[in-house]
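Starting from the known structure of chain A, arrange chain B on it as the hints suggest.
Protein chains: 2
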Amino acid sequence: MRFLTAILVLFAVLARPAVTDAGEPTDAAAAANAAVLQALPFSDRRDLADAQRGLIAPVLNDGVATGPSDRPAWDRSSAVLAFLGLPLGVGRVWAADAESAGPLPAWNDGAAKAAIVAFVSKVTKEGGADFVPPAERIAVFDNDGTLWPEQPMYFQLAFALDRIKSMVARHPEWRDTQPFKAALEGDMRQLAASGTHGLLELVMATHAGQTTDEFDRDVRDWLATARHPTFQRPYTGLVYQPMLELLAYLRANGFKTYIVSGGGIDFMRPWVEEVYGIPPEQVVGSSIKATFEVRDGTPVVVKLPEIDFIDDGPGKPVGIHKFIGRRPIAAFGNSDGDFQMLEWTTAGHGPRLGVYVHHTDAEREWAYDRTSAFGKLDRGLDEAGSRGWTVVSIKDDWKRVFVFEAGGTMKHGRPAPAAE
Amino acid sequence: MRFLTAILVLFAVLARPAVTDAGEPTDAAAAANAAVLQALPFSDRRDLADAQRGLIAPVLNDGVATGPSDRPAWDRSSAVLAFLGLPLGVGRVWAADAESAGPLPAWNDGAAKAAIVAFVSKVTKEGGADFVPPAERIAVFDNDGTLWPEQPMYFQLAFALDRIKSMVARHPEWRDTQPFKAALEGDMRQLAASGTHGLLELVMATHAGQTTDEFDRDVRDWLATARHPTFQRPYTGLVYQPMLELLAYLRANGFKTYIVSGGGIDFMRPWVEEVYGIPPEQVVGSSIKATFEVRDGTPVVVKLPEIDFIDDGPGKPVGIHKFIGRRPIAAFGNSDGDFQMLEWTTAGHGPRLGVYVHHTDAEREWAYDRTSAFGKLDRGLDEAGSRGWTVVSIKDDWKRVFVFEAGGTMKHGRPAPAAE
Chain A
49 MRFLTAILVL FAVLARPAVT DAGEPTDAAA AANAAVLQAL PFSDRRDLAD AQRGLIAPVL
109 NDGVATGPSD RPAWDRSSAV LAFLGLPLGV GRVWAADAES AGPLPAWNDG AAKAAIVAFV
169 SKVTKEGGAD FVPPAERIAV FDNDGTLWPE QPMYFQLAFA LDRIKSMVAR HPEWRDTQPF
229 KAALEGDMRQ LAASGTHGLL ELVMATHAGQ TTDEFDRDVR DWLATARHPT FQRPYTGLVY
289 QPMLELLAYL RANGFKTYIV SGGGIDFMRP WVEEVYGIPP EQVVGSSIKA TFEVRDGTPV
349 VVKLPEIDFI DDGPGKPVGI HKFIGRRPIA AFGNSDGDFQ MLEWTTAGHG PRLGVYVHHT
409 DAEREWAYDR TSAFGKLDRG LDEAGSRGWT VVSIKDDWKR VFVFEAGGTM KHGRPAPAAE
Chain B
49 MRFLTAILVL FAVLARPAVT DAGEPTDAAA AANAAVLQAL PFSDRRDLAD AQRGLIAPVL
109 NDGVATGPSD RPAWDRSSAV LAFLGLPLGV GRVWAADAES AGPLPAWNDG AAKAAIVAFV
169 SKVTKEGGAD FVPPAERIAV FDNDGTLWPE QPMYFQLAFA LDRIKSMVAR HPEWRDTQPF
229 KAALEGDMRQ LAASGTHGLL ELVMATHAGQ TTDEFDRDVR DWLATARHPT FQRPYTGLVY
289 QPMLELLAYL RANGFKTYIV SGGGIDFMRP WVEEVYGIPP EQVVGSSIKA TFEVRDGTPV
349 VVKLPEIDFI DDGPGKPVGI HKFIGRRPIA AFGNSDGDFQ MLEWTTAGHG PRLGVYVHHT
409 DAEREWAYDR TSAFGKLDRG LDEAGSRGWT VVSIKDDWKR VFVFEAGGTM KHGRPAPAAE
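Chains A and B are the protein sequences, given in the same order.
Here this note's numbering is used: the first residue of the first sequence is 49, the next is one more, and so on.
Here this note's numbering is used: the first residue of the second sequence is 49, the next is one more, and so on.
Next comes chain A alone, as it looks inside the complex (with noise of 0.2 Å):
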């Protein structure tokens, strides 16, 4: 198990046993995302008063994760075509739109842009060659630093320190215990030297017991609460305008746009689907087990401190197999963690697309790839190029990095306009 994989996945899985005193959240992120930022070996540490900078769009201060019942049926074609402000009409293709201000407008001109859209528009095109049947459009994104950022640390990290922090009032004995020490103290090289087994043994200790509806609403209240330190603004309000829309334009041809990330499966599905349109039954991610049982009568789902499977590198393939069943077409990444999952997905026969997402850009988001401790991009750089991959540049293809710059158009992914 590499050690960023173990982390990932120990931090998935974390969470408080129970509801418990809720402390201070935002102050508790804070503080947390201070010392991760002391004890992380950032080789190309940013000035991150230069990122604010180039953000100038009023902050949001609506709440972020909302219960089920309100979220936006958002698959269907009509909230679709209303975001992209082109007229109704399921599948229709825009491959005549392509280089104008057609359907990915956060886009520049380019190559990468370029080369989405003239694979959309092969195989959707009926009775052409590379025709690809909408049953068979299977398009897997990765999670963290290609739907949203990763830096300066996985968001589900600040999630994990932060439940770490709510339960050790009932755990003094962690504050001198390794590796509940590490983990408090953000110290990511001391919790390395643990070990799998050290891992395995927060897992343990924190997760004995909860229920998955626990869990569940432990994700939604973290997140309406939780402020991306530098950012300073919800987690969720952080996603990447340009991905949105690529999001939004496979589906609008027929695509079923799946998320494949080594994130925790449980932290993620509480809020994809108000936030990308991703229902979360298509979401692929790494887990621990469970087990069902009635307790008083009532059943329930309750989470055992045991991994279960690690959706990460050579695991993504698998993943997708799994719960997919079928190859993608098309897959997203921005990291070596993705790698295998580009591999084998543009293995297979028929016109395929794999991109990279490559972090290029300091001034609006960060730039970093070889030597990053999160969203190490090495042998993918050096690869894409003979294997056909596409990628795209940060700096240079995206007009528009956040979703937040337009300043209103968009509200947590959903078009403003048409489901306010």
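Which copy? The list can't say, so a pair holds if one copy fits it or any two copies do.
Cross-link-like lysine to aspartate or glutamate pairs, in silico, DMTMM-like; alpha carbons within 25 Å at most:
1. K170 - E329
2. K424 - E341
3. K337 - D356
4. K337 - E354
5. K170 - E293
6. K443 - E293
Worth flagging that the hints you see were computed from the coordinates, not collected in a lab.
This is chain B only, laid out in the frame that chain A set:
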């Protein structure tokens, strides 16, 4: 691990490890079936000739599994509506047609049909107190005994026995070694005596190194030639007409239909889209582990000789959480292995539907419940009433049982006029 579960999971994953001499699958299947029939402890051993007397339709001579390229885009509302002979229109509700020739023509009018139609009417009525948004309309179906038969044995067991027979030439020692000897002889009692360890031994011996693509092809090849021992038809031609109508009815009303089966997920995925209109990504089932590797430059996913997940009994709510990530509002099963799935589904907030198919028709199908070797229904019968679950009696509630009885109006779950 219950014995039947173990048997099911074992055989869910057996297959020859590569393309070998195919032998004569039909003969082999017939022989295996005969052997197992002798060995099985049926308490209600019925006159199989009786079943055939009731079947008057012509034999379907066309093949069963076709390639992915010509899979129908079955989920499209237009196809569903065309199948039901109704005008096009997404999201239309048939409440008004409930008791006439409306959406479920193979169902007799009665309490079961009325309960189903009333439920669908209720959750789709916009503005109503029980309205459920389309995104939340998840319906889960057991497969064996619910969508197709499970007598005289699980159909997948016939597949597995054929596979073991096809491998024995290269493993002559199996003829005298347990648990292989028992598997070859169809001796279920002896196989049970070998325990979980023996079953895993079989899995490891027969599965090491097979790729998911090879397994997929094996399943398709087998289905194309194998015949059910008593009906002498392709197994996929034996699906229940009333359940096909129910699947289509639910989908036309905005439901997403899933299979949640104790059977092997990789055994079902190659054919469920063709037969049920359920895409492979909406199948939950038992599985063995897999790993990703690159062989001579070609990436493959290879099945491993290790149990990954058992989707039966209390495993079904866990599988639903794992694969779907939200609680269904309707669940359909036929055995005690579905009990927890119905329990989990109907314990949710708001309107819920739990349905048991009760095999009561010894003339047209089989009659069995509390003591059957396959599909035992005991606790479920006791508690269905007090839990508010609907019990469908095949004898009383189904006008037609099998899809072939209409002789041509349906072909492998597709409407013949629209799709041919």
